[in-house]
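There are 2 protein chains.
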Amino acid sequence: MTLIDKARKGTITAEMKAVAKKEGVAPEFIRDEIASGRLVIPKNVKRKILDVEGIGAGIRTKVNANIGTSKDRCSTKTELAKLAEALDAKTDAVMDLSTGGDLKQIRREILDACPKPLGTVPLYELFVKASNRCSSALKLDVEELFDVIEGQAEEGVDFMTVHCGLNLTALERVRRAKRVTGIVSRGGAFIAAWMATTGMENPLYEHYDRLLKIARKYDVTLSLGDGLRPGCMADASDRPMIQEMIMLGELAEKAVSEGVQTIIEGPGHMPLDEIAPNVKLQKSVCNGAPYYVLGPLVTDVAPGYDHITSAIGGAIAAWAGADFLCYVTPTEHLGLPGPKDVRDGVMASRIAAHAADAVKLKDKSWDREMSAARKALDWEAQERLGIDPAKFDIVKQDLAKKKKTSDKTCSMCGEFCAMEVNSKLGGV
Amino acid sequence: MTLIDKARKGTITAEMKAVAKKEGVAPEFIRDEIASGRLVIPKNVKRKILDVEGIGAGIRTKVNANIGTSKDRCSTKTELAKLAEALDAKTDAVMDLSTGGDLKQIRREILDACPKPLGTVPLYELFVKASNRCSSALKLDVEELFDVIEGQAEEGVDFMTVHCGLNLTALERVRRAKRVTGIVSRGGAFIAAWMATTGMENPLYEHYDRLLKIARKYDVTLSLGDGLRPGCMADASDRPMIQEMIMLGELAEKAVSEGVQTIIEGPGHMPLDEIAPNVKLQKSVCNGAPYYVLGPLVTDVAPGYDHITSAIGGAIAAWAGADFLCYVTPTEHLGLPGPKDVRDGVMASRIAAHAADAVKLKDKSWDREMSAARKALDWEAQERLGIDPAKFDIVKQDLAKKKKTSDKTCSMCGEFCAMEVNSKLGGV
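Chains H and Y supply the protein sequences, listed in that same order. Here the first sequence stands for residues 573 to 1000, numbered as in the working numbering. Here the second sequence stands for residues 573 to 1000, numbered as in the working numbering.
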């Protein structure tokens, strides 16, 4: 039985209890939301996750960190360092997107070291295999595809991105669309190229039942990938994107009805004013399934700062109802991220998620506590409450240099500190 | 005659022409907006600004970088380095907020080196003088106050923050409000403390006519400071803040009617969902005067990342109609920023401003051009178009290492680059 099956029978599992406790909601709420398909707890039956996380409506917005090798930069050690950074920065989930080196070995080490839900894109392993075999990743073998998916499920992968919605109907729309950046999803681009070459239907769409059977067996959460996600402002909210979203809505309905936990992936690049409408549309078209957005990036012109462009879009998306933010690092569009980029990416996404949650969940207690500490110039409390305590080293060094140990003001204002002046005023 | 006087007489000045050309609008539009008080071009009659900037409705959102010494960190050389970083990062305006060292000397050097509009907070010089004289910045001398203001105007300062709206009525409201962080504006805190101590009215409010006379004489743009801006989520949109905004609206109306260019300062810290309503309220209450916001920061918990918290709020504010974003650096709430922090702060604010302008001004051509270059894997064009070309060093180093010089893919995807696969597809 999958988690959805159990929820529908009225059972409250240990995972549901753990998530309810963390979120400060009733276990019955978590159970009922899982039963409805509006909330998931990604956890493969083969995995022992120490730290389960719920993703969906009515609970904290979650953050995912993508790690993984590429052919150009391929070091398991670096990837484990990136994983450690992501966990230290308090990511809620991790995806291993490796495409270089011994993928199975790297995945096993990451699975062992990650106490959080772990996701993959099985298509990548398939392409790497095909590429190694015949120097063309475009040779897609359907049996091998499902072998790879089942193999990764057997290893314990908790959630998988599967580009099921990019079918021949959607491909036809993208061919007509005259996009500026075409298809920017790697999985989407390869599936599309294979379909265009062979004239055959996307096997993830055609053999969706087979996929669901594997997902049911291991209770793998399906993350229905948006192969046609917009890769620039100009392509956002176009017909191909919305066509695929309709497909994903239908596929999600089928998965949930068969007891398979499902989330929907979203943009990508998107202008500020299209983000909230897009989230509302996804919730409507996909029966309220959890929405997992990549950014969205609100401008195309800022490589080197795309953790910021995506924090802007992510905050607006999460505020509008998106449930899961895939981080974007400063090196997006420039190269594979290193450990520091991973940290910056997680922090930016956590800021976006929290800013939205303060409003969406009507809980500003963390902000209030921090602000009270700030008013009191209580640096120990501020450090403890800060989203990244390591950043308080600046203050500690400055305070250590002060002659008067009673002087708690920072190097910005010194004696002109408004907080100090307030305290002299009494009561303001 | 001030710029407003000239605009009202129908004159199109050289400044108006220069701004119209930069913005791609008709000079008549700039003239009429200046006449109405909805747009300003900060420029002291004593100054030769090489690069004038318009701030207001219908044109690009502008960014300001605060620099300046503190008592703890006081080096003219560092401040000039910070100015150079801010200019290199393409800030539209600079404020010198120095409170340490020889203020007049530092200001002169910054004025000389800055081709953009330069602003100050004259109250700071007053407090530093009072503090040096009698070790209490709370001794406020009205004659000295106006001497300082006129002195700075004579030196050529283009715009000045003046906390005119924090009068006894507003002070009474903040006393009743039980705020979490009280008054967080330095100028505001000192004015309030002086008023509370003496029982007297804020001289900038009481002698507003005298201030207007100086502003008229030098055509200094008044930036009406919000001494009661919220310093945390909990204090946002409270009665003191809105009371002061009403005062600022009245004062702006008077200034504009007397030919003095005026902008209104705004928050500060503010939850996501209050930002757009706040901007709409400011535009209504202040007759559409340009709105100059500090952030807003959308959470209180992220010291070390407040360039990001403020980029989120700044994008939403600018999209809703804010005209001028004061940057916030990563060291906000931790200490005085250094040159790198200045760069990061300007970039984050420029991203927020541009993301908003793409929507507000309906111009996504820059994004489109960048995306076309990205699709073509044209790294030279991407570098040229990037908001920070220096960030492309990563790619250049990676490409230099490649064996095949025809391989233009970055280290993220390599042979699995979606753009490459698209090009094989033909036409998608």
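Any given hint could turn out to be false.
In this list, chains with the same sequence are indistinguishable; a pair is considered to hold if it fits within one copy or across any two.
Computed list of lysine-lysine pairs in DSSO-like fashion (alpha-carbon distance at most 30 Å, straight line) [to be verified]:
| no. | residue 1 | residue 2 |
| --- | --- | --- |
| 1 | LYS578 | LYS974 |
| 2 | LYS934 | LYS855 |
| 3 | LYS618 | LYS974 |
| 4 | LYS912 | LYS968 |
| 5 | LYS912 | LYS973 |
Simulated from the structure, these hints should not be mistaken for lab results.
Hint by hint, here is what the structure shows:
1. Neither within a single protomer nor between protomers do LYS578 and LYS974 lie at most 30 Å apart by alpha-carbon distance, with minima of 61 Å and 53 Å respectively.
2. In the homo-oligomer, the alpha carbons of LYS934 and LYS855 lie at most 30 Å apart both inside one protomer (20 Å) and across protomers (27 Å), since each shortest distance falls under that limit.
3. In this assembly of identical chains, LYS618 and LYS974 lie within 30 Å of each other by CA distance neither inside one copy nor across copies; the values are 56 Å within and 41 Å between.
4. Taking identical chains as interchangeable, the C-alpha atoms of LYS912 and LYS968 lie at most 30 Å apart whether they share a chain (22 Å) or sit on different chains (20 Å).
5. For the homomeric pair LYS912 and LYS973, the shortest alpha-carbon distances inside one copy (28 Å) and between copies (22 Å) are both at most 30 Å.
When the structure is compared with the earlier hints, violations turn up for hints 1 and 3 and for no others.
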